[in-house]
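Chemist: Protein chains in written order, with numbering that gives the first Met the number 0: chain A, 0 to 294; chain B, 0 to 340.
Do not take every clue at face value.
Partner residues aside, some chain B positions facing chain A, computed with beta carbon under 10 Å [unchecked claim]:
#1 9
#2 13
#3 154
#4 179
#5 180
#6 205
#7 210
#8 247
#9 313
#10 323
Restricting the straight-line Cα-Cα distance to at most 27 Å, the calculated cross-link-like pairs of lysine-lysine (DSSO-like) are [stated by the list, open to error]:
#11 B:330 / B:278
#12 B:133 / A:271
#13 A:258 / B:278
#14 A:256 / B:28
#15 B:132 / A:256
#16 B:330 / A:256
#17 B:175 / A:258
#18 B:133 / A:258
Don't read these hints as lab results, they were simulated from the structure.
No experiment lies behind these values; they were computed from the predicted model shown.
We treat Cβ as the ideally placed atom computed from N, Cα and C, and that holds for glycine.
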Amino acid sequence: MNLKIVVLAKQVPDTRNVGPDAMTPEGTVNRSALPAIFNPEDLNALEQALRLKDQNPGSTVIVITMGPGRAAEVIREAMYRGADGGYLLTDRAFAGADTLATSYALATAIKHVMPDADLIIGGRQAIDGDTAQVGPQVAEKLGLNQITYTEEVLSCQEGVITVKRHIDGGVETVESPLPCVLTVNGSAAPCRPRNVRRVMKFKRALCPMELPKDTTWADLPYAQDYENRPYLKLGQLTCADVDADLSQCGLAGSPTKVKNVENIVFKAKESKVLTGSDEDVNGLIQELLASHTIG
Amino acid sequence: MANNVFVYCEIEGTKVAEVSQELLTKGRKLANTLGVKLEAVAAGSGITGKVESQILPYGVDRLHIFDAEGLAPYTSRPHTAVLVNLFKQEQPQICLMGADVVGRDLGPRVSSALHSGLTADCTALEIGPHDDKKLGRHYDELLYQIRPAFGGNIVATIVNPENRPQMATVRSGVMKAEILDPDYKGEVIIQDVAKYVPETEYVTRVIERHVQASKNNLKGAPIIVAGGYGVGSREGFTQLYELAKVIHAEVGASRAAVDAGFCDHDLQIGQTGVTVRPKVYIACGISGAIQHVAGMKESGIIISINSDENAPINQIADYVINGTVEEVVPKMIKYYKQNSK
């Protein structure tokens with residue numbers, strides 16, 4: 000069967016390299032101060048989608064990502080690896096969204112772009128928040144079933160998907176009717192690498208908002224290509240394009256508010272400083288044994 | 000309306016999860032501060048008569064039991080329907096659940112349906128006032144949902160001023176379970192499941208299920224030897240296992256060590272792993288990101304072995320050994336063997 004699959008992906012600041020200017024005074028993330036990467040578990044999600052496409056020729060995989068203009072990089076990256084296309088969901092009105100407002104925006108975009116999607120697949124969680132909330136919240140907003148913590152899609156036929164998923168202390172195999180939302184664990188199969196031909200084909204793909212100021216497609220180098228190859232013009236959606244209710248978007252639509260943010264300074268203890276010498280280590284062990292701390 | 004504090008109790012078979020009991024204890028304290036009742040929700044199959052004694056003694060005033068075949072093993076939609084429909088009726092002001100696979104599957108779904116705020120993986124929960132300067136509104140008693148965020152450089156306090164319930168998930172081991180009164184008299188309400196869960200919600204079929212008891216006993220271990228990125232390799236961890244064996248400890252790890260593939264994921268200690276309170280914590284090559292520290296700071300004695308004398312963990316250590324793991328750990332084994340005879 001031909002499957003219609005939406006992959007939800009996020010461009011995230013690489014939280015492994017955080018500097019002092021990483022947060023704004025309002026307590027939201029200062030994205031411009033950090034290198035941006037494809038959220039790792041969203042790559043695992045993409046792989047599951049691409050495998051389904053491999054098994055079901057004629058299927059379509061599109062990526063939806065929410066973010067500023069530079070997040071279009073996520074769409075290109077997904078296309079290099081096998082996705083058919085994608086949409087950048089971008090609007091000032093989406094800024095400052097918590098997980099609930101994010102899921103509202105994504106669910107609204109899915110309804111607009113692919114209302115008959117069979118599967119919506121995303122990573123379990125993003126490394127800049129670690130909440131794992133957006134997947135289930137999108138599922139609820141769309142009234143769809145969900146399978147979280149996916150390790151592997153075992154089969155998908157006749158409108159039923161069978162999935163091996165991680166649970167506390169083990170694994171379980173579950174089946175659900177389509178359509179359905181999956182979130183994929185980082186321990187699932189890694190994403191296939193870029194395909195060189197696809198890189199050549201899509202490397203000039205752009206979202207409208209990536210065009211330099213006061214430039215149209217016709218002004219770009221290779222303008223001919225943009226006219227003849229529609230796949231080079233990536234989808235871009237604003238709040239108005241998807242008929243989103245402004246009161247449910249961004250900061251205004253977020254029930255959670257950041258009250259305050261503190262930098263952490265450990266309260267220094269009186270610590271005893273030793274070297275790694277035989278004498279010091281021996282002394283420490285004797286002290287711990289004498290006080291019955293160990294042994 | 001009652002505006003009580005609710006705790007969703009997670010149940011495996013007929014056993015109530017420890018994390019749920021920890022949250023009942025926390026929920027009791029929050030309810031006392033707010034002057035309201037503590038209510039618990041238990042949903043499963045064949046649980047009536049088996050779970051009450053594991054829930055009420057933590058100070059639960061009302062326990063709602065949902066007992067039906069389709070409610071175990073856990074699947075998303077029926078449990079969502081239980082909470083969403085119960086909450087529409089009961090209007091809780093706070094709802095707590097465990098930040099494990101079940102809670103992280105269920106919590107967001109419920110919050111999305113009720114349009115209420117949810118904060119994941121809180122490390123502390125308090126009640127306090129809040130002023131929204133933009134709206135010019137004052138709130139007397141909001142739930143402060145406190146969690147490390149963003150690479151661990153900050154701790155954020157989150158509030159949900161307008162929407163109810165205020166929802167939070169908390170990892171196992173972060174709070175402490177304490178029985179309030181073994182004979183605590185709470186009301187038990189056996190709910191009619193069909194009234195809350197339409198037949199159409201039973202859509203996921205669990206075909207096969209393997210649950211193993213945890214391979215390690217990190218949570219209850221009196222001594223923990225934990226390795227970080229500074230251990231250097233999977234082989235380096237074998238040294239830690241040797242030390243742990245000699246001094247009767249369990250081995251744990253930081254996220255950096257897990258991510259680097261030095262050891263298995265279930266050894267991870269910290270905000271997104273296990274929270275531990277051992278008598279002795281030996282941190283080997285762990286720099287001490289706030290998420291890690293959040294999971295071990297209440298250890299009795301902390302010994303840090305690190306070649307970087309400025310490692311943040313040294314700030315909270317009782318003993319700092321400036322040296323490499325591969326140099327110091329074998330010496331600890333050697334001198335322990337020598338001295339303990």
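Chemist: It remains to establish, for every hint, whether it holds in the given structure.
Modeler: Results of checking the hints against the structure:
Here the hint on residue 9 of chain B is kept, as its CB sits about 9 Å from the closest CB of chain A, short of 10 Å. Annotation: interface hint on residue 13 of chain B violated; nearest CB of chain A at approximately 16 Å, more than 10 Å. About 5 Å separates the beta-carbon of residue 154 of chain B from the nearest beta-carbon of chain A, less than 10 Å, and the hint is met. The beta carbon of residue 179 of chain B is not positioned within 10 Å of any beta carbon in chain A (closest approach about 26 Å), and the interface hint is therefore violated.
Interface restraint check: residue 180 of chain B against chain A, minimum CB-CB distance 29 Å, threshold 10 Å, status violated. A cut of 10 Å between beta carbons decides the hint on residue 205 of chain B: the least distance to chain A is about 5 Å, and the hint holds. Given hint, residue 210 of chain B at the interface with chain A, holds; its Cβ is 4 Å from that chain's nearest Cβ, closer than 10 Å. Annotation: interface hint on residue 247 of chain B holds; nearest CB of chain A at approximately 8 Å, less than 10 Å.
Because the smallest distance between the Cβ of residue 313 of chain B and any Cβ of chain A comes to about 7 Å, under 10 Å, the interface hint for this residue holds. With 10 Å as the threshold, the beta carbon of residue 323 of chain B comes within range of chain A, its nearest partner Cβ sitting at about 7 Å, so the hint holds. With a C-alpha separation of about 21 Å, the suggested pair residue 330 of chain B and residue 278 of chain B falls inside the 27 Å cut-off, and the hint holds. Simply put, residue 133 of chain B and residue 271 of chain A have alpha-carbon atoms about 49 Å apart, too far for the 27 Å limit, and the pair is violated.
Under the criterion of a C-alpha separation no larger than 27 Å, the hint pairing residue 258 of chain A with residue 278 of chain B is inconsistent with the structure, at around 35 Å. Between residue 256 of chain A and residue 28 of chain B, the direct Cα distance comes to roughly 23 Å. Compliance with the 27 Å bound is thereby established for this hinted pair. Proximity of residue 132 of chain B to residue 256 of chain A is assessed by CA-CA distance (about 12 Å); at most 27 Å being required, the pair is judged to hold. Distance restraint check for residue 330 of chain B and residue 256 of chain A: the Cα-Cα separation of roughly 50 Å exceeds the 27 Å cut-off, and the hinted pair is therefore not satisfied.
Using a Cα cut-off of 27 Å, the hinted pair residue 175 of chain B and residue 258 of chain A holds, with the two alpha carbons roughly 25 Å apart. For the hint pairing residue 133 of chain B with residue 258 of chain A, the CA-to-CA distance comes to about 13 Å; that is within 27 Å, so the pair holds.
Hint compliance for this structure: hints 2, 4, 5, 12, 13 and 16 are broken, all remaining hints hold.
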